[in-house]
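A.B. asks: With the hints as a guide, bring both chains together as one complex.
Protein sequences, first through last, are from chains A and B.
The working numbering numbers the first residue of the first sequence as 1 and each following residue consecutively.
The working numbering numbers the first residue of the second sequence as 139 and each following residue consecutively.
No lab work stands behind these hints, which were simulated from the structure alone.
If you're wondering where the values come from, they're calculated on a predicted model, not measured in any experiment.
Please note: incorrect hints may appear among the correct ones.
Claimed, not checked - Below, simulated DSS-like cross-link-like pairs (lysine-lysine); rule was C-alpha separation at most 27 Å, straight line:
1) B:K627 with B:K694
2) A:K101 with B:K583
3) B:K541 with A:K2
4) A:K3 with B:K627
5) B:K587 with A:K41
6) B:K698 with B:K723
7) B:K928 with B:K881
8) B:K722 with B:K637
9) B:K172 with B:K502
10) B:K541 with A:K3
11) B:K888 with B:K928
12) B:K502 with A:K38
13) B:K587 with A:K48
14) A:K2 with A:K38
15) B:K372 with B:K694
16) B:K790 with B:K816
17) A:K38 with B:K627
18) B:K723 with B:K372
19) B:K771 with B:K231
20) B:K771 with A:K2
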Amino acid sequence: MKKTHIIILILIVGAIAVLISLLPTLSTYETVASAREKQGKYVHLIAKLDKAQPVEYDAINNPNYLSFMAIDSLGQSVKVVYNNAKPENLEHSERLVLKGKMENDHFACQEILMKCPSKYTDDPTRVQESVNKKLQSN
Amino acid sequence: MDYTGEHLIPGNLGQFLIVLSFVCSLLASFAYFKATHATVEDKKGWLRLARWGFILDAFAVFAIFGLLFFLFYSHRYEYFYVYKNSSNSLEFKYIFSAIWSASEGSFLLWTFWHAVLGLILIRTAGKWEAPVMMTVSLAQWALAAMMLGLYFFDLKIGSSPFALFRNQMPELPLFANENYISRLTDGNDLSPLLQNYWMVIHPPVLFLGFALLIVPFAYSLAGLFTREYGDWVKPALPWSLIAGGVLGLGIMMGGAWAYESLNFGGYWAWDPVENASLVPWMTLVAGIHTLLIYKHTGRSLRTTHLFFIVTYFLIIYSTFLTRSGILGDTSVHSFADLGMNTQLYLFLLGALWLPVLLVLDGNKRWLAAMVLLVTLVASYFVPLLTLLSFLAAFYFLYVGLKKVPTITQEEESSSREFWMFIGSLVLVISAGYIIVTTSIPVVNKLFAKFMSSGFTMGDDILFAYNRVIIFVAIIIGLLTAITQYLKYKKTPRSYFLPKILWPTIVSLVIAGLILAFGKVDYYEHGAGFLAAIWFALVSSIYTVVANAAYIWIGVKGKWKNAGASITHFGFGLMLVGILISSSKKQVLSYNTSGIFVPLGEESKEKPGENLTLVRGVPTRMGKYDVTYQSEEKHPQKALWYYNLEFKDSSGKGGFSLRPNAFINHNGNEGLLANPDSKHFWDHDIFTYITSLPDPEKNADTSAFETRHMNLRDTAYYSRGFVVLDSIQTIDTIPLPGFQKGDKAYIATLKVQPQQGDSYISRPILVEASAGRLSNPDTVVMENLILRLEKNEGGHADIGLKESNSAMQYVTLKAYRFPFINVLWLGTILMVIGFIISGINRIRAKKG
Numbered sequence: 001m002k003k004t005h006i007i008i009l010i011l012i013v014g015a016i017a018v019l020i021s022l023l024p025t026l027s028t029y030e031t032v033a034s035a036r037e038k039q040g041k042y043v044h045l046i047a048k049l050d051k052a053q054p055v056e057y058d059a060i061n062n063p064n065y066l067s068f069m070a071i072d073s074l075g076q077s078v079k080v081v082y083n084n085a086k087p088e089n090l091e092h093s094e095r096l097v098l099k100g101k102m103e104n105d106h107f108a109c110q111e112i113l114m115k116c117p118s119k120y121t122d123d124p125t126r127v128q129e130s131v132n133k134k135l136q137s138n
Numbered sequence: 139m140d141y142t143g144e145h146l147i148p149g150n151l152g153q154f155l156i157v158l159s160f161v162c163s164l165l166a167s168f169a170y171f172k173a174t175h176a177t178v179e180d181k182k183g184w185l186r187l188a189r190w191g192f193i194l195d196a197f198a199v200f201a202i203f204g205l206l207f208f209l210f211y212s213h214r215y216e217y218f219y220v221y222k223n224s225s226n227s228l229e230f231k232y233i234f235s236a237i238w239s240a241s242e243g244s245f246l247l248w249t250f251w252h253a254v255l256g257l258i259l260i261r262t263a264g265k266w267e268a269p270v271m272m273t274v275s276l277a278q279w280a281l282a283a284m285m286l287g288l289y290f291f292d293l294k295i296g297s298s299p300f301a302l303f304r305n306q307m308p309e310l311p312l313f314a315n316e317n318y319i320s321r322l323t324d325g326n327d328l329s330p331l332l333q334n335y336w337m338v339i340h341p342p343v344l345f346l347g348f349a350l351l352i353v354p355f356a357y358s359l360a361g362l363f364t365r366e367y368g369d370w371v372k373p374a375l376p377w378s379l380i381a382g383g384v385l386g387l388g389i390m391m392g393g394a395w396a397y398e399s400l401n402f403g404g405y406w407a408w409d410p411v412e413n414a415s416l417v418p419w420m421t422l423v424a425g426i427h428t429l430l431i432y433k434h435t436g437r438s439l440r441t442t443h444l445f446f447i448v449t450y451f452l453i454i455y456s457t458f459l460t461r462s463g464i465l466g467d468t469s470v471h472s473f474a475d476l477g478m479n480t481q482l483y484l485f486l487l488g489a490l491w492l493p494v495l496l497v498l499d500g501n502k503r504w505l506a507a508m509v510l511l512v513t514l515v516a517s518y519f520v521p522l523l524t525l526l527s528f529l530a531a532f533y534f535l536y537v538g539l540k541k542v543p544t545i546t547q548e549e550e551s552s553s554r555e556f557w558m559f560i561g562s563l564v565l566v567i568s569a570g571y572i573i574v575t576t577s578i579p580v581v582n583k584l585f586a587k588f589m590s591s592g593f594t595m596g597d598d599i600l601f602a603y604n605r606v607i608i609f610v611a612i613i614i615g616l617l618t619a620i621t622q623y624l625k626y627k628k629t630p631r632s633y634f635l636p637k638i639l640w641p642t643i644v645s646l647v648i649a650g651l652i653l654a655f656g657k658v659d660y661y662e663h664g665a666g667f668l669a670a671i672w673f674a675l676v677s678s679i680y681t682v683v684a685n686a687a688y689i690w691i692g693v694k695g696k697w698k699n700a701g702a703s704i705t706h707f708g709f710g711l712m713l714v715g716i717l718i719s720s721s722k723k724q725v726l727s728y729n730t731s732g733i734f735v736p737l738g739e740e741s742k743e744k745p746g747e748n749l750t751l752v753r754g755v756p757t758r759m760g761k762y763d764v765t766y767q768s769e770e771k772h773p774q775k776a777l778w779y780y781n782l783e784f785k786d787s788s789g790k791g792g793f794s795l796r797p798n799a800f801i802n803h804n805g806n807e808g809l810l811a812n813p814d815s816k817h818f819w820d821h822d823i824f825t826y827i828t829s830l831p832d833p834e835k836n837a838d839t840s841a842f843e844t845r846h847m848n849l850r851d852t853a854y855y856s857r858g859f860v861v862l863d864s865i866q867t868i869d870t871i872p873l874p875g876f877q878k879g880d881k882a883y884i885a886t887l888k889v890q891p892q893q894g895d896s897y898i899s900r901p902i903l904v905e906a907s908a909g910r911l912s913n914p915d916t917v918v919m920e921n922l923i924l925r926l927e928k929n930e931g932g933h934a935d936i937g938l939k940e941s942n943s944a945m946q947y948v949t950l951k952a953y954r955f956p957f958i959n960v961l962w963l964g965t966i967l968m969v970i971g972f973i974i975s976g977i978n979r980i981r982a983k984k985g
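With the rest of the complex left out, here is chain B (with noise of 0.2 Å):
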């Protein structure tokens, strides 16, 4: 069929620029191999060659981006990536976030990340280049791989961004009409989740640091294949330092943009995909400190290599762990499956194995290879032997590892050195450690043959993490304290003491303080965990204290060289404001109408942290008068936001919160909540919506409930009590065809709701000769009708009903996080720090 108003041309030049940054890639990559170890004359060309070739794959990977972000501002529906993650309504900012929305669109960022490192490691890298840009190459070729979306026989290589929707889904009747385009007028929209500025600028910090981390990566394996060991340090240390900066960005943005609009009630939750980059990050650091002892010693540098390939491997995994769709029942927010975990896999060997050729040579590469191919075929038919596979890679990693030369002789217990080491090793074996808990779907699927059910995190997953990373705070923080008062090689006693004696002190001083006055008691996992704690506490505010005095005592003031104690300042910050945040946590939306409510005997176990607040009628909350006073519709969407006014309960200061909820966004059914948060400089308030009146309930279905009461008596409804004060008795009343002996009576109840002021109501009966006549009477701000049924000489029966039909209300969470911003604040002395620190050695290697 011919189909009529469709653009191809945008999206053939993009599915061909994929193709062509595939091809180039691999070229690139090959040339600058046989660049690395060509002679003299030889090199001129191949250089000129690989050059080339980047060039132009990075030109392509541009313009794939200028041509989808083409694709998305004009709406082009046809192509199935711009249906599926945008609409008309979206506004222009988000067009960016709905680029990577999706998993093709991450993949490009990341590309476009390596594109411009690649450019600028050609010009600065000298004699570097080919054997670094190699392994950048070869990395581009698998990030275009998975871009390609091309089919070899059955096998689909990648998920293009330029698939046409009606090829995506031909059996849609849709396309049964050659003019289809102009019936698909309107996109699917992007996930309101992702409609955020926060979903703006983190993906492109974080996907900074992911592409960051192949450079520390790429050295080290440029040191091992060139047999220049050692040498590679120089230039991998700024870029370690700022990679190490922008990934913890990256890392702490997603924090934020969970905090302002997941509703998991804070800024991180140890979900997979959490997890996932956080500990690339920690080996990295590790990585990171062990290089410089390999700087200043001479030491290290097998660790230094090995935690450099781990940490591109973690990176790796990570985007295997969130892609694969593995992750599916355990994390809330991991990418669809695409079919391509076969090539993800691949590309996660490839990570391993790649280091493993290089560094290994003759038969041993050759053996190498053959394990290889090997477990890679075997692992096709028994997925569990896969783990061989990586346990034969970090075997010849080791072996090959050998030929790195190293100092035998013992460091000295008291030098700098011995300690950054054992904090390289907590971090690294707690980074083990979480992410073999992350792992366990991943273990469960490997070991699926052999039982009977999977298993997966308890019920506390939080706990499962905290309890262990507690810890490791406890030891990281104390080590970060004092280890930069120590020399390299050897510290003599009578250097180190002083120096350190008032950073303890005035740290002791604080925390002591502290201690005693800020009610630290979180007493949820008993007095062991409060006592880790507190110990965490003290070591982080060490941390804090050591690290802003070294910058007078160590480094006497000199900005330039104060990076590392400044991010070491930063980190501390991170640490004492997530310890106080979390453990001082406080719910203020704990259901307090509870004396009120027939909770049902199944309630009593768990205090409900939602509270309902029916519009226009104050509730309390901790210290707060809260009221649902109006909502607003967003002009263009199915998006509502809630006016909450918060009013101090001591009558001064008060304000207003906004949350917002997608309610039935696009047929996706249901409510998708996007908290508010006020911030104050000690505490944040922070509140989301949990549940809205269901319209079906609407319908007014609920039936009076008849009470027999005397006067005086009480009668409870759900929001409070009714008391039947008097009963009058009227003989004549206006009413045409009431005639003598015919009887009218007027109930007066007073309705007391749980808070605020009593009303009262006054329904009516009339008996005439002509029949009943009940006159109800509704307390509106109650939802509450009543209605007076019979009248027996003081005996009444009083029908009660609760209609929620005209019923407004709201039902929410609210915390209150104190001194979260101080994390926030730690987290980005921490980025400044890495900085200076990179900037410092960039300067410090041209000089």
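One chain only, chain A, in its complex shape (with noise of 0.2 Å):
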């Protein structure tokens, strides 16, 4: 067996080695009731904010302070606590997906990614209403 072959071999095991230590690290993808139950293991939440609830957040007195109800697609409605700036866009977002933990009644959040209607321009609905928004301002 030459050198290289057996470098070739140690890489490739060292890397498969690697990204199989990465498979604890990893993640999944939750809902509220499913990730209930993994109190304390850190997941993504797929849901959506709760608009019928009010969003607490005040820049002046702690600008790292976030609380709103999410709700997912079954129904099920946690509250979600991020100790970082509020997400301007938060309130006109149609999904998102929370990264954090459950730790009792809130969800611990650390990140928050936005499904927001970007694509608004591909949506008709909107391309009305930005059309229309145009039109009454000239």
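C.D. replies: Quick look at the structure:
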């Protein structure tokens, strides 16, 4: 066996070992109910903002505290606490990917990925809205 | 309905040109294919046909570009692409970024560069023209198909930039009006994130890099197809070097754009879109090194073929990743799904099977074609079988490459080629690690049927990559430092040791000094990772020093031969810059007001990185006192600039930063912030707005809160505290209706904000027979309103109200990045090195 073959083998085994060691750190996509069962485990919660409930954020008092209710596709809701600035378009998001852990009654969120209707240009009603807006301003 | 006022001629012409390009590129590819193996007299005819085909294709592509520019320039909003990506207020320079802002335009940019490169190849490739241009033309055809925008039965092929708005969305009531053009006076505007000068120059460079990758790929295939193994490396080498430089530059320009205009807090976030172009660059660099090994020793030709093929495959794969919408949940900036996934998938499959079909012959070729067809059909029903197709392709490639001659004898451990080969392997395998990790969403999709919920990256994505790449950096750094001092084939000890001695000592001294006094103490991921950072730092300093020294020790100061050393020197500087700026990155905007603020119990976990600055009130950030002074609005857009004054607390020196933000841009509600940074030679101060007052909140809805206070009592408000100093009782005040026996009280309160001077506030309460009259006092700077509500012999009720209605504030994040300029300088030097090497190899080829 050639030296290079041995080294290739070592490198590949190493790479696979590293990939396997990555597995436990991987997270999963969850609903509110399944996240509740995994208390303290880092998960990705897919939900949307419950617009019927108030969003609590006051930049003057504490710019690093945001709290709101999130509701998942099964209709279950949970209080979300996010110790960071409020993403400005939170209220207009269609869907949220909340990364964090369930801690007792609330979801301690570390990162929020928002799925905003940024593709609004491809959605006819939104296009019409934006066209109308422009027509009015002209 | 007959619409009036539309300009349909440019669009129809453009659409015709796309079809022309589609047809001509396929024709050219076929003619080049025939020319490759044709007899001498037939060859001429095929070549002429092929050239005409390609030149016509190139002409069409340039004309499409011109037409699209014209449509943007003249604001023809009847075209959906123009409507979607521009507006009347868009500055001229951003027309270019608008053209390539979306998927269609970036394909156009890519094919534009292919056309330019193809024309150069026709002039310079000589005997390699036919087999090389065959692949280039075929890629042109695949890209033209991406812009076709035609329906074949129900299947949409491509997405055209010349599609009409009214055809795209016929159901809009707007189009019930036959003169709708007169009402469609403005476009939707370019996404604010792309209104940045980096977006004018980064995409052309990046796509030139993408386009250049096809040249080594095409040469490698030409070698396999013509069976003239090995001859192709000479002309392919300069192209590969230039591709390495340009693609590297393009990637880092993307980093610079992210640093200057995105707010993920740095130049690199291991975002899938970034990974997708980094990974092919890594395999390309590996390919360049194995190619050099072949050129000097006759080894590693098979590996070179494999690396170039994999590189091209990865570029198409990255195109697939970023444009199929599959990254939606994991990436911040991927393109929207245009419903072209099938097409992209076929392109990807083609990039891998084309080499297979070219390298095999006879029965094996037919067998491979059968396998391709079967797996293609099967994967239509069971997506997982796609993997089988790719595995089969790699197997056939392995079989085919066996024909490529090789040297069986082992290389010496003291030879340069041995260590270059190891370095290339490490690069390719770490590229594999990055791309597999990036592909988790793809894996989820393939295995969707077998899993209850998909997997995704854990809580610390950056660390998942960094903890692996840091070891790659250590190894690559060491190899890059040492390998040039080795000779090909065999290196005598007496040659190597004296040369490497001084660079080693110097590097150790410099690294020692930096580690001893540089305070590189990044404990966030434990001591093990910190040790890895230290090793990586030593190793990258070694790269820098050894390669700088090699310019004199090795190539004797001949600059034209120093390309490799300069490239490696720049690469080493990049590593140093990355390591220092990341491990010593410092958050300035820690919420220092914490002691004054009722944080709430949930907040104790993580010190917030957001700080709120009230207008006119200096707040401490690191060593600066920062004041939010004023804001200005862009004359035409909903773009606001915030003037922040940074004053060095030592009293000397200071500067201003102007981060800006689009607010409720074009119905896209919310805030899109662009950072601003101050560059010092040894560090950057970087800041961006994270939150602004919510206009809905500005309505004064807050109420007085009553505090019972005795004299000298303290009451807290959000930004400080209030002390009740005294209460005066006055019997007579000059007020109409003030009668004898009526009383007035004046409370004197000291308002002490967390920073700055205190204020005196004097609210008044009048108790008259006619009734009570309270006269509150406002401390404007603090937005605090104080009211005396009741006074009973030293016990007072003080009402406190904090009103945001008049309050101007911004919430921001600020970082200090030390030595980030080392990274940029390293990038520039690396690119220069690549170019010098490339030019030198072109000269060598001619000479």
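A.B. asks: Which numbered hints turn out to be false for this structure?
C.D. replies: 6, 8, 12, 14, 17, 18, 20
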